[in-house]
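Please work from the sequences and hints to get the whole structure.
Each residue of the sequence shown is one higher than the one before, counting from 3 in the numbering used here.
Simulated from the structure, these hints should not be mistaken for laboratory data.
One thing to keep in mind: the hints can contain errors.
As the list claims (entries may be wrong) - Simulated crosslink set (DMTMM-like; lysine to aspartate or glutamate; CA at most 20 angstroms straight-line):
1) LYS27 with GLU345
2) LYS237 with GLU275
3) LYS85 with GLU53
4) LYS347 with GLU34
5) LYS253 with GLU206
6) LYS365 with GLU111
7) LYS89 with GLU53
8) LYS155 with GLU310
9) LYS27 with GLU13
10) LYS312 with GLU50
11) LYS85 with GLU107
12) LYS304 with GLU292
13) LYS374 with ASP340
14) LYS89 with GLU107
15) LYS88 with ASP71
16) LYS27 with GLU64
17) LYS365 with ASP353
18) LYS27 with ASP340
19) LYS333 with GLU107
20) LYS27 with GLU344
21) LYS89 with GLU34
22) LYS31 with GLU13
23) LYS88 with GLU111
24) LYS312 with ASP279
25) LYS31 with ASP340
26) LYS31 with GLU15
27) LYS27 with GLU50
28) LYS110 with GLU82
29) LYS85 with GLU113
30) LYS274 with GLU219
31) LYS85 with GLU50
32) LYS85 with ASP104
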Amino acid sequence: MNVGVLKETAEYEQRVALNPDVAGKLIDKGLEVWIESEAGLASSFLNEQYEKAGATVTASREELLATADLLLAVQTPPAEDLKKLKKGAVVICFLWALQHPDLVELLKELELTGMGMDAIPRISRAQNMDALSSMSSIAGYKSALIAANELDKYLPMMMTAAGTIPPAKALILGAGVAGLQAIATCKRLGARVEAYDIRPVVKEQVESLGASFVEIELQEEDTETEGGYAKEVSKDNQERQREVTHRHVAKSDIVITTALIPGRPAPLLVTKEMVYDMNPGSVIVDLAAENGGNCELTEAGKTIIENEVKIIGPLNIPSQLAHHASQLYAKNMLNLLDLLIEEGKPNFNFDDEILLNTTITHKGEVISPLIKNN
Numbered sequence: 003m004n005v006g007v008l009k010e011t012a013e014y015e016q017r018v019a020l021n022p023d024v025a026g027k028l029i030d031k032g033l034e035v036w037i038e039s040e041a042g043l044a045s046s047f048l049n050e051q052y053e054k055a056g057a058t059v060t061a062s063r064e065e066l067l068a069t070a071d072l073l074l075a076v077q078t079p080p081a082e083d084l085k086k087l088k089k090g091a092v093v094i095c096f097l098w099a100l101q102h103p104d105l106v107e108l109l110k111e112l113e114l115t116g117m118g119m120d121a122i123p124r125i126s127r128a129q130n131m132d133a134l135s136s137m138s139s140i141a142g143y144k145s146a147l148i149a150a151n152e153l154d155k156y157l158p159m160m161m162t163a164a165g166t167i168p169p170a171k172a173l174i175l176g177a178g179v180a181g182l183q184a185i186a187t188c189k190r191l192g193a194r195v196e197a198y199d200i201r202p203v204v205k206e207q208v209e210s211l212g213a214s215f216v217e218i219e220l221q222e223e224d225t226e227t228e229g230g231y232a233k234e235v236s237k238d239n240q241e242r243q244r245e246v247t248h249r250h251v252a253k254s255d256i257v258i259t260t261a262l263i264p265g266r267p268a269p270l271l272v273t274k275e276m277v278y279d280m281n282p283g284s285v286i287v288d289l290a291a292e293n294g295g296n297c298e299l300t301e302a303g304k305t306i307i308e309n310e311v312k313i314i315g316p317l318n319i320p321s322q323l324a325h326h327a328s329q330l331y332a333k334n335m336l337n338l339l340d341l342l343i344e345e346g347k348p349n350f351n352f353d354d355e356i357l358l359n360t361t362i363t364h365k366g367e368v369i370s371p372l373i374k375n376n
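In structure tokens:
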């Protein structure tokens, strides 16, 4: 079976689906691995490293697509590439099928099996395949570095002959994987950190990292999905959140927002009024910029200054640490393939909840219960 890896063409994308180490592991399992020339270059993986691992490096994208039984990518390949795959080929990448119904229809029409790395269920058995968590951890780490770099203050307390500088105050909104990593990184850099999440169950995790958990009393409501994600809450509870959040945002030097709801626009957490109550020179890093932003003033892909507050809307943060992001993504991919491939070919056993939920289309039909029910 031929496994093909394309050079990513999406804007801002520096990652690659397989690093040389994981490519070698797939070859050891009896698979043939074809890599498009310089596919790993932006992630600091050279053609020679793939060749040393036993992969075939080709300059012909056309040939790779024509021969691939299994196409691995980070972002969804362009439609013109998908149309060049053989009927029955398997495509594994971030598909975001809920947001892209036209893509689902195209996969059905072409009779391609589409598997979404973003659709892997959040269960214990799938943790080592969970690419969203791997990438979110990188995004949380990098967001703290961006904030520290843009802030015109020290993060740690500094005692000098000229006087004592108090530590910067950081507020992290959303304590999922990205938020927890942002908390940990801000703490390592010496900031005083507070965090808030609508899921009270994360309080212990926040406090274990040395941050203070912001308590907001909400009317009784289920705030967590079965998969462990935050749910959108009622309008009354949103108002309660904003009242308390406003006070904490106003006194923060750094605000990092990480709240996302699968398949929905990002929830509004930081209003224009909150920004106008922040001190001059403060910094907001909005990790939800690509999904509309958690801050009312965020502009995706831009850094803007409003009332002397910097609002940063970065795009594809994991790609800024492309080497390690690719390494982790490739390992997630390997673990999924270990489950999928039996005796050298894919075995789509839909009694397995990981394969059932991850497989969006197969043999011209929609498989994923999530897509079927939407």
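LYS88 paired with ASP71 [C-alpha distance capped at 20 angstroms]: The given pair, whose Cα atoms are some 8 angstroms apart, holds under the 20 angstroms limit.
Satisfaction of hint between GLU107 and LYS89, Cα-Cα up to 20 angstroms: holds (15 angstroms)
Holds or violated: LYS89 to GLU53, with C-alpha atoms at most 20 angstroms apart: Violated - the C-alpha atoms of GLU53 and LYS89 are around 28 angstroms apart, more than 20 angstroms.
Restraint check for LYS27 with GLU50, where alpha carbons must lie at most 20 angstroms apart: Satisfied, since the Cα-Cα distance of roughly 16 angstroms is no more than 20 angstroms.
20 angstroms limit on alpha-carbon distance, applied to hinted pair LYS365 and GLU111: holds (9 angstroms)
Proposed proximity, GLU64 with LYS27 (alpha carbon, max 20 angstroms): The given pair, whose Cα atoms are some 25 angstroms apart, is violated under the 20 angstroms limit.
Restraint status (C-alpha distance of LYS110 to GLU82 at most 20 angstroms): holds (15 angstroms)
Pairwise hint evaluation, GLU13 against LYS27, where the allowed Cα distance is 20 angstroms at most: violated (29 angstroms)
20 angstroms limit on alpha-carbon distance, applied to hinted pair LYS88 and GLU111: Since the Cα atoms of LYS88 and GLU111 sit roughly 12 angstroms apart, the hinted pair holds (cutoff 20 angstroms).
20 angstroms limit on alpha-carbon distance, applied to hinted pair LYS274 and GLU219: Not satisfied, since the Cα-Cα distance of roughly 23 angstroms exceeds 20 angstroms.
Restraint check for LYS85 with GLU113, where alpha carbons must lie at most 20 angstroms apart: Distance ~10 angstroms between LYS85 and GLU113 Cα, so the pair holds.
LYS155 paired with GLU310 [C-alpha distance capped at 20 angstroms]: holds (14 angstroms)
In terms of the numbered hints stated before, the structure departs from hints 3, 5, 7, 9, 10, 13, 16, 19, 22, 26, 30, 31, listed from lowest to highest.
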